[in-house]
Structure formats: C-alpha cells, structure tokens
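Add chain B to chain A, keeping to what the hints say.
As a plain string of letters, each chain reads:
Protein chains: 2
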Amino acid sequence: MTEAFSILRAHLQELITLTDGEFEYLCSHFQPKKYKKHTIILHPGDRVHNEYFVVKGLLKTFLTDEDGKEHIWQFAMENWWVSDYQALHHQTPATFAIQCLEEVTLLQLSYSDRNKLCSEMHKFEHFSRMKVTSGFLNMQNRVMALLKNDAQSRYQQLLQQYPTLIQRVPKALIASYIGVSRETLSRLHS
Amino acid sequence: MTEAFSILRAHLQELITLTDGEFEYLCSHFQPKKYKKHTIILHPGDRVHNEYFVVKGLLKTFLTDEDGKEHIWQFAMENWWVSDYQALHHQTPATFAIQCLEEVTLLQLSYSDRNKLCSEMHKFEHFSRMKVTSGFLNMQNRVMALLKNDAQSRYQQLLQQYPTLIQRVPKALIASYIGVSRETLSRLHS
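Chains A and B are the protein sequences, given in the same order. When we follow the UniProt record's numbering, the leftmost residue of the first sequence carries the number 1, and every step to the right adds one. When we follow the UniProt record's numbering, the leftmost residue of the second sequence carries the number 1, and every step to the right adds one.
I should point out that these hints are in silico values taken from the structure, not numbers from a laboratory. Take the hints with a grain of salt, since some may be wrong.
Heads up, the list lumps identical chains together, so a pair's fine if it works in one copy or across two of them.
Unchecked claim - Derived pair list, reagent style EDC-like, types lysine to aspartate or glutamate, alpha-carbon separation capped at 16 Å:
#, residue 1, residue 2
1, K131, D46
2, K34, E70
3, K148, D67
4, K69, E103
5, K148, E66
6, K56, D113
7, K123, D20
8, K148, D65
9, K34, E102
Keep in mind it's a predicted model, so treat the numbers as computed, not measured.
Same shape as in the complex, but just chain A:
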C-alpha cells in the first residue's frame, strides 16, 4: 500500500507542502480499501461515515428515481474524492448509491477525521477548502449547462473533466450523467 500513499502525497502536494512527519500523521488517519468490480460500497439508506480518495479504478455515484430510472450524480476516478456528501455533512441516511465500475483501490477517511485534521492542521484545512471550491465550480458549470438545456456543452464538459471515461464505461452511463437518451448521445458523439 506504499504506492497508494505515494499517490495521495503527490495529490496533496499539488496544493500544499508537507514535511515527512506531517504526511505520516495524515496517513495514519486513512484506511486502504480494495473492492472488486460491481461492489456497491454505499447503499441508499446507509449511515455515511466516510469519504474516499480514489487511488485506482472508477466508481459511480447514482440514485434511482420512483420510475426506476438511474441518474448519475458523479463518476469518480484516480485523484477524485467520493462520498454522499449531503448525507456525510448532515449526518442523514444516504440517498445515493456508490458502485465500483472497475476493481478499485481507495483510501478511506472518516468525516470526523477530516474535521479533526482540518482543525489540527491549517494546511489541510486549506487543501480541503481548495478541493471543495473546485467541486463547487464544476457544479456551477453543470447547472448552467442543464439550465440552458445544452447537451452538447454538457458532453464537452464531461470529456474535459474525465478525459479517459469514454473508453472506460458503457454509453448508457454517459447518457445518464448528461441527462439525455442514448440516441441523443450518439448524435453528440458523432
């Protein structure tokens, strides 16, 4: 698992500088996890205690509506963080499910440890603020493209955000993320 922690260190050091001691202290709060393809690591209704840094592999966060239709909230791949953040933050039951689309290696961090580390280490609070700001700005793009009903720019954003995704998941999942039918997706893709 040394490799997993090296990947985490490179990820953190994109935004902050850490001494070896600081990094080791951070690491002591992360639990390595490996899951097989298709494993559901979070079910709707579960209590959510953790978030995950994706070292390797691909996951989807989704919900299924009353008509049985699946809506994809997020894909998560290498260097992404994933959880049901609404449930994690408000300590309410999960509304999303999270499923592995490939074999995955994760580093698990509990909500209480995220907050403890933020409170103990100003640098880590800074890192966390910057990461959630990026998430907020990505969401802003997604809302505007949805409001403008502009499937083409949603498709372009997806290619930008997840460059390798198109080779890694079935077209039906891409269509569900963008919020269009598979027929519309074929037109965007061509």
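Same frame as chain A, now just chain B:
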C-alpha cells in the same frame, strides 16, 4: 455602517468565535457599498476582483444566452455571498452579470484579501471552507432536481433556500431560476 459590520459579525459567529481584535482586523479588509435598485454591479466580460456579503437587499446573478434568453444562476439576499466565482477563482473575464433587484447594502471583499485572511487566520479559512461546502451541497440538490427534470422539487428547494423571495421578485425571474415557463410555474405555485 456600524450596523452592517454587526450583521457580518453575527454571520461569522454562526460558525467561528472571534475576539474583538480579530473581528476588527477582518473588518479592515471589507469595503461598505450601497447601490440603487437596477444597478448592474458586474457586467459579462469585466475582470472580477471582488465578492460581496449581502447586508441588506436582493440581487440576481444571471447570463443571457445566444437567443437572448436570461438564465438565473443565483439570487442573493441577506447573509449570502455573491460573485462570479468561476471568473474570480480562475481570474478570467466574467460570464455572469450581477444586478440589484432592490436597493442593496454590501460589504466588498477582494479575492486577494479573502486568500490573505484565510492564510493568516485558520479560523477564517475554516469559516470559508464551511461556506463553500454549503454552496456545493446546494448545487448538488439543484443538479439532481434538474437531472430528474423535477420542477416541483426545484420549486420547493427555492422556497426553502430563499423563504421571502416569492414576495420580492416577479414570477418571471422565479421561472427563469427553476428553468420552466411561466405557465408551468403557475401550476407549481397553485
């Protein structure tokens, strides 16, 4: 303007505890601003250097698409923060316009001062992380309601997020925020 700063202090103290000295130091970075109804405080294409804490009044952040249709990204009222955050963060020209829908009192904070204060005061970085987390979670709700094409829940979210809005703005603006026609809005409202 003492009242404006008291409102800011109450807002900050919902999340952090400040000594008088710390609060005075923070305040020295905020500029009070007053604008008349209809004033446009940011135009698309402008360089964005500031964000604003809303002390009193109501604003809209919006963009106009190629067909001249207005899309509302956000309303901002008392105790909200407002800017074109994409442009502010990436230091690119504004894509949004921000207009006062009422007479407003604002406290202006520059992007460089936000970052300076976050770096100098761990407490303020914590406050900022919590605020952007709330913004991210609100966006998550909005994306899911847009993807599910569920105008009724978008309307309910709007009522929850901005309880007094419905009495303060024309119906056409509400419809634009939710992304429905005025006819559809009348059905949701009834």
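Results for each hint:
1. K131 <-> D46: Answer is neither; intra-copy 25 Å and inter-copy 26 Å both fail.
2. K34 <-> E70: Neither, since 25 Å and 47 Å both go past 16 Å.
3. K148 <-> D67: between (25 Å within a copy, 10 Å between copies)
4. K69 <-> E103: Classified as neither; 25 Å inside a copy, 45 Å across copies.
5. K148 <-> E66: Between copies, since 10 Å is at most 16 Å while 25 Å is not.
6. K56 <-> D113: neither (22 Å within a copy, 37 Å between copies)
7. K123 <-> D20: Classified as within: same-chain Cα gap 14 Å, cross-chain 25 Å, threshold 16 Å.
8. K148 <-> D65: between (23 Å within a copy, 8 Å between copies)
9. K34 <-> E102: Within one copy only: 11 Å inside a chain, 54 Å across chains, cut-off 16 Å.
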